[in-house]
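J.: In case you want the letters, here they are:
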Amino acid sequence: MSTTLFLILCLNGLQYGMLLFLIAAGLTLVFGVMGFINLAHGVQYMVGAYLVYAYVQLTGSFIVAVFLSLGTALIFGLLLEFFVFRHLYTRSHLDQVLATFGIIIFLNELAKVVFGPATLSVAPPEFLAGSIQLTETLRYPVYRFATIIAGLAVAAVLYFTISYTRIGMLIRAGATSAEMVSALGVNIQRLFMIVFGVGAMLAGFAGVIAAPIFAIEPGMGDNILIVTFVVIIIGGIGSIGGAFIAALLVGLIDTLGRSFATEILSTLFSPSFANQIGPALASMLIYILMAAILVFRPKGLLPAKGVA
Amino acid sequence: MMDRSLVFAAILFGLLLLMPFLLPLFGSEYLIGLIIKAMLLAIAAISLDLLIGHGGMVSLGHAAFVGVGAYATAIGLENGIENILLLLVITLAVTGFVALVTGSLALRTSGVYFLMITLAFGQMTYFTLTSLAAYGGDDGLTLWSLATLFGSDIVQSGSGLYFLVLGTLFATWWGVFQISRSRFGRVLRAARDNPERAEVMGYAVTRYRLIAYLIAAMIAGVSGLLLVQHAEFVSPALATWQRSGDLIVVVVLGGLGSRNGAILGAFFIVIIEEVLGSFVHEWRLIYGPVLVLMVLFAKGGIADLFVSKDAKGRAA
Numbered sequence: 003m004s005t006t007l008f009l010i011l012c013l014n015g016l017q018y019g020m021l022l023f024l025i026a027a028g029l030t031l032v033f034g035v036m037g038f039i040n041l042a043h044g045v046q047y048m049v050g051a052y053l054v055y056a057y058v059q060l061t062g063s064f065i066v067a068v069f070l071s072l073g074t075a076l077i078f079g080l081l082l083e084f085f086v087f088r089h090l091y092t093r094s095h096l097d098q099v100l101a102t103f104g105i106i107i108f109l110n111e112l113a114k115v116v117f118g119p120a121t122l123s124v125a126p127p128e129f130l131a132g133s134i135q136l137t138e139t140l141r142y143p144v145y146r147f148a149t150i151i152a153g154l155a156v157a158a159v160l161y162f163t164i165s166y167t168r169i170g171m172l173i174r175a176g177a178t179s180a181e182m183v184s185a186l187g188v189n190i191q192r193l194f195m196i197v198f199g200v201g202a203m204l205a206g207f208a209g210v211i212a213a214p215i216f217a218i219e220p221g222m223g224d225n226i227l228i229v230t231f232v233v234i235i236i237g238g239i240g241s242i243g244g245a246f247i248a249a250l251l252v253g254l255i256d257t258l259g260r261s262f263a264t265e266i267l268s269t270l271f272s273p274s275f276a277n278q279i280g281p282a283l284a285s286m287l288i289y290i291l292m293a294a295i296l297v298f299r300p301k302g303l304l305p306a307k308g309v310a
Numbered sequence: 004m005m006d007r008s009l010v011f012a013a014i015l016f017g018l019l020l021l022m023p024f025l026l027p028l029f030g031s032e033y034l035i036g037l038i039i040k041a042m043l044l045a046i047a048a049i050s051l052d053l054l055i056g057h058g059g060m061v062s063l064g065h066a067a068f069v070g071v072g073a074y075a076t077a078i079g080l081e082n083g084i085e086n087i088l089l090l091l092v093i094t095l096a097v098t099g100f101v102a103l104v105t106g107s108l109a110l111r112t113s114g115v116y117f118l119m120i121t122l123a124f125g126q127m128t129y130f131t132l133t134s135l136a137a138y139g140g141d142d143g144l145t146l147w148s149l150a151t152l153f154g155s156d157i158v159q160s161g162s163g164l165y166f167l168v169l170g171t172l173f174a175t176w177w178g179v180f181q182i183s184r185s186r187f188g189r190v191l192r193a194a195r196d197n198p199e200r201a202e203v204m205g206y207a208v209t210r211y212r213l214i215a216y217l218i219a220a221m222i223a224g225v226s227g228l229l230l231v232q233h234a235e236f237v238s239p240a241l242a243t244w245q246r247s248g249d250l251i252v253v254v255v256l257g258g259l260g261s262r263n264g265a266i267l268g269a270f271f272i273v274i275i276e277e278v279l280g281s282f283v284h285e286w287r288l289i290y291g292p293v294l295v296l297m298v299l300f301a302k303g304g305i306a307d308l309f310v311s312k313d314a315k316g317r318a319a
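Quick mapping for you: the protein sequence lines, in order, are chains A and B. My numbering applies: residue 3 is where the first sequence begins, and numbers increase by one. My numbering applies: residue 4 is where the second sequence begins, and numbers increase by one.
What the hints contain is simulated information worked out from the structure, not anything from laboratory work. Yeah, the Cβ is synthetic: ideal placement off N, Cα and C, and Gly gets one too. Please note that the accuracy of each hint is not assured.
[Unchecked claim] Restraint ranges, calculated between C-beta atoms of paired labels, are given here:
id : chain 1 : residue 1 : chain 2 : residue 2 : range
1  : A       : L154      : B       : E202      : 44 to 50 Å
2  : A       : L81       : B       : L152      : 54 to 60 Å
3  : B       : R111      : A       : F216      : 31 to 37 Å
4  : A       : F216      : B       : L20       : 50 to 56 Å
5  : B       : G178      : A       : F84       : 43 to 49 Å
6  : B       : A137      : A       : L9        : 49 to 55 Å
7  : A       : S272      : B       : F236      : 28 to 34 Å
8  : A       : L186      : B       : I275      : 25 to 31 Å
9  : A       : S4        : B       : F100      : 47 to 53 Å
10 : B       : G178      : A       : G187      : 43 to 49 Å
11 : A       : G187      : B       : L299      : 28 to 34 Å
[What the hints assert, rightly or not] Partial pick of chain A residues on the chain B-facing surface, computed with a CB cut under 8 Å:
id : residue
12 : A101
13 : E111
14 : L112
15 : V115
16 : V156
17 : V159
18 : T163
19 : V188
20 : I215
21 : E219
22 : I235
23 : M292
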C-alpha cells in the first residue's frame with residue numbers, strides 16, 4: 003500500500019467521520035437530555051438530502067438551496083417534535099422505538115412516492131468543484147475538504163455553545179437531571195424543543211452536504227442511523243465531545259478497514275479465504291469495537307455526567 | 004380471568020386447525036400461504052415476547068436468530084442433510100451457540116445499552132451472512148431440495164407443511180405459557196421489575212436472563228427453519244434490523260406478555276400488508292402513521308380489544 007492511498011483513505015475517513023458527527027450530535031443530545039430513543043433521526047438526514055435536491059432544482063443555486071434546506075429541516079424537526087415526539091418523552095423506550103419506527107416507514111415511502119425509487123444526485127457548487135494538488139501524485143476534491151471544514155466548524159460552535167453559554171449550561175444541567183432544571187423554573191419543554199430542532203437541523207445539514215457525495219435514495223438514512231448509534235454508544239450517551247471522538251474513530255476505522263482488511267487477512271490466511279471473509283469483517287469492525295466498548299467500558303469513552 | 008385467555012387461544016387454534024379444510028372451498032392456495040407466513044411471524048414474535056414482555060429485555064436484533072436458523076438449515080440442506088429432525092438439531096445447536104456467545108456479552112448491559120448491543124450483534128450476523136459467498140452472499144440462495152421426514156416429502160408443502168407450522172406454533176405457545184407460569188418465569192419478571200431485589204433474594208439474575216435469551220433465540224431459529232421449508236429461499240435480508248423492528252411491532256401491537264396477542268399481531272400485520280397492499284401500492288404511507296397513532300392512543304395493544312386482562316395482570 004502506498005502512502006498516497008493511505009492519505010486519501012484517511013481524508014475520506016475523516017470526512018465520513020464529520021458526517022457521522024453532525025448526525026450523532028443531535029442524536030446524543032436528544033438521547034442524553036430527554037432519554038428519548040429516536041430511530042427517526044436517520045430519516046432527517048435523508049430529508050436534508052432530498053430537500054437540497056429539490057431546492058437546487060427550484061432555485062438553481064446550491065448555496066441558496068443549502069440555507070433553504072436548513073430552515074426547512076429545522077421547521078420539519080420542530081413539527082415532528084410538536085405533533086409526535088413531545089408525547090413520547092415519558093413513555094417506555096419500547097413505545098419510542100415503535101413510534102419512531104413508524105415514522106421511518108412513512109417517510110421512506112413518502113420519499114419513494116415523491117421522488118421515485120431511483121437514486122438521485124446533486125452536483126457540488128461550482129466554486130467547490132475542482133480538486134487540490136496535495137502532493138505530486140495526490141489530488142483531493144475541494145468539496146470533500148469543504149465538508150471536513152464545515153464539520154469542524156459545527157463542532158467548534160457546538161462545543162462553545164455547550165460549554166460557555168446559558169443555553170449550553172441548561173442542556174448540560176438537563177442531561178444530569180431534567181426534573182431539577184424544571185423545578186428551578188426553566189421551561190424544560192422549550193429547552194427540549196430547541197435541542198430537538200437543532201438536532202434535526204444538524205442531521206439535515208449532514209444530509210445536505212452528503213448529497214453531492216453519496217447517492218440520494220429512499221432509506222439512505224437507515225444504515226447511517228445504525229452507525230450513528232454505534233458512534234454515540236462508543237462516545238458515551240449525551241456527550242458531544244465523546245460523539246466527536248467516536249465519530250472520527252468510527253469514520254477512520256470503517257474506511258481503512260474496508261480497504262485493508264482483505265490485505266491484512268491474506269498475509270495470515272489463504273487469499274481465497276481472505277477475499278471471502280475480508281469484506282464482511284470490514285463491515286463488522288465498528289460493531290466489534292462497540293461491543294468491546296460496551297463490555298469493558300459500558301458508559302462509553304467520554305461519558306456525560308449523570309446520564310442514566 | 005385465566006380461562007378467558009385459554010378459551011380465546013382454543014378458539015384461535017381451532018380456527019387455524021379448520022382452515023385447510025375450509026379454505027379449499029374458496030379455492031385458495033394463496034390464503035394458506037398467507038396464514039403460514041403469519042404463523043411463522045407469530046412463532047418468532049412469541050419468542051421475542053418472552054424476552055421483552057417477561058424479561059424486560061428489549062432486543063433490536065432478534066431477527067438475526069431467524070436468519071441464523073434459516074441459514075443453518077439451508078447450509079445443511081446444501082450439504083445433503085435432508086432429515087428434518089437432524090436439521091432441527093443442527094438449527095437448535097447453531098442458534099443456541101450464537102445466542103450463548105452474544106447473550107453472555109450483551110447481558111453485561113441492560114436497558115438502552117442492551118438494545119444497542121443486540122442491534123450491533125444483529126448487524127454483525129447480517130454481514131456474516133452476506134459474506135457466505137458459497138451460499139449466495141448478498142443475493143441469497145434458492146434451495147432445490149427441501150427437508151424430508153424420513154424420506155417422505157409430507158413436510159414440504161400443502162397441508163403437511165401447514166400442520167407442521169401450526170404444530171410448532173402451538174408447541175411454542177404452550178412452551179412459553181408453561182415457562183411464564185413456572186418459577187423460572189416468575190423470577191424473570193421479578194428481575195424485570197426490580198433486578199436488585201431479585202438478586203438480593205438469591206437469584207442469579209444474569210443466568211436466568213441468559214437462559215431466557217437462549218430459549219428465545221432457539222425458537223426464533225426454528226421459525227427460520229420452517230421459513231426455509233415454506234419459502235424455499237434464504238437471504239441475509241431475513242436478519243436486517245428492520246426485520247427485528249417488525250418483530251417488535253408485532254409484539255407491542257399484540258400487547259406485551261400476551262401470546263395470543265403476538266399471534267393476533269402477526270396476523271394483523273400480514274393482513275394489513277396484503278389487504279392495504281392490494282388497494283394501494285404505497286400502503287406503508289398508511290401503515291407508518293397507524294403505528295404512531297397506535298403508540299399514542301392504544302397503549303395496551305390490540306389484544307386488549309379482544310382478550311381479558313389476564314395477560315396484562317400477569318405481565319404487569
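J.: Now look at each hint and say whether the structure bears it out.
T.: Each hint, compared with the structure:
1. Here the CB-CB span from L154 of chain A to E202 of chain B is close to 46 Å, well matched to the stated 44 to 50 Å.
2. A C-beta distance of roughly 57 Å is found between L81 of chain A and L152 of chain B, which places it inside the suggested range of 54 to 60 Å.
3. Between R111 of chain B and F216 of chain A the Cβ separation comes to about 35 Å, which falls inside the hinted range of 31 to 37 Å.
4. Between F216 of chain A and L20 of chain B the Cβ separation comes to about 52 Å, which falls inside the hinted range of 50 to 56 Å.
5. Checked against the hint of 43 to 49 Å, the C-beta distance between G178 of chain B and F84 of chain A comes to roughly 45 Å, which is consistent with it.
6. In this structure, A137 of chain B and L9 of chain A break the distance hint of 49 to 55 Å, their C-beta atoms being roughly 36 Å apart.
7. At roughly 30 Å, the beta carbons of S272 of chain A and F236 of chain B sit within the given window of 28 to 34 Å.
8. Under the hint 25 to 31 Å, the C-beta atoms of L186 of chain A and I275 of chain B, about 47 Å apart, miss the expected range.
9. Roughly 42 Å separates the CB atoms of S4 of chain A and F100 of chain B, a value that falls outside the hinted 47 to 53 Å.
10. Between G178 of chain B and G187 of chain A the beta carbon distance is about 55 Å. The supplied range of 43 to 49 Å is therefore violated.
11. Checked against the given bound of 28 to 34 Å, the beta carbons of G187 of chain A and L299 of chain B, roughly 29 Å apart, stay inside it.
12. The closest approach between the C-beta of A101 of chain A and any C-beta of chain B is roughly 4 Å, which is under the 8 Å cut-off, so the hint is satisfied.
13. At about 4 Å, the closest approach between the beta carbon of E111 of chain A and any beta carbon in chain B falls short of 8 Å, and the interface hint on this residue holds.
14. Given the 8 Å rule on beta carbons, the hint for L112 of chain A holds: about 6 Å separates it from the nearest Cβ of chain B.
15. Because the beta carbon of V115 of chain A sits about 5 Å from the nearest beta carbon in chain B, less than 8 Å, this interface hint is met.
16. Among the interface hints, the one on V156 of chain A is violated; its C-beta lies about 24 Å from the nearest C-beta in chain B, farther than the 8 Å criterion.
17. Taken as an interface hint, V159 of chain A does not check out: its beta carbon lies about 28 Å from the nearest beta carbon of chain B, beyond 8 Å.
18. Because the closest C-beta pair between T163 of chain A and chain B is about 25 Å apart, greater than 8 Å, the hint is violated.
19. The beta carbon of V188 of chain A is not positioned within 8 Å of any beta carbon in chain B (closest approach about 25 Å), and the interface hint is therefore violated.
20. Taking 8 Å as the C-beta contact cut-off toward chain B, the hint placing I215 of chain A at the interface is violated, the least distance being around 23 Å.
21. Taking 8 Å as the C-beta cut-off, the interface hint given for E219 of chain A is violated, the closest approach to chain B being about 15 Å.
22. Restraint check, I235 of chain A versus chain B: the minimum CB separation of about 5 Å is within 8 Å; hint holds.
23. Because the smallest distance between the Cβ of M292 of chain A and any Cβ of chain B comes to about 5 Å, under 8 Å, the interface hint for this residue holds.
Checked against the numbered hints above, the structure violates hints 6, 8, 9, 10, 16, 17, 18, 19, 20, 21; every other hint is satisfied.
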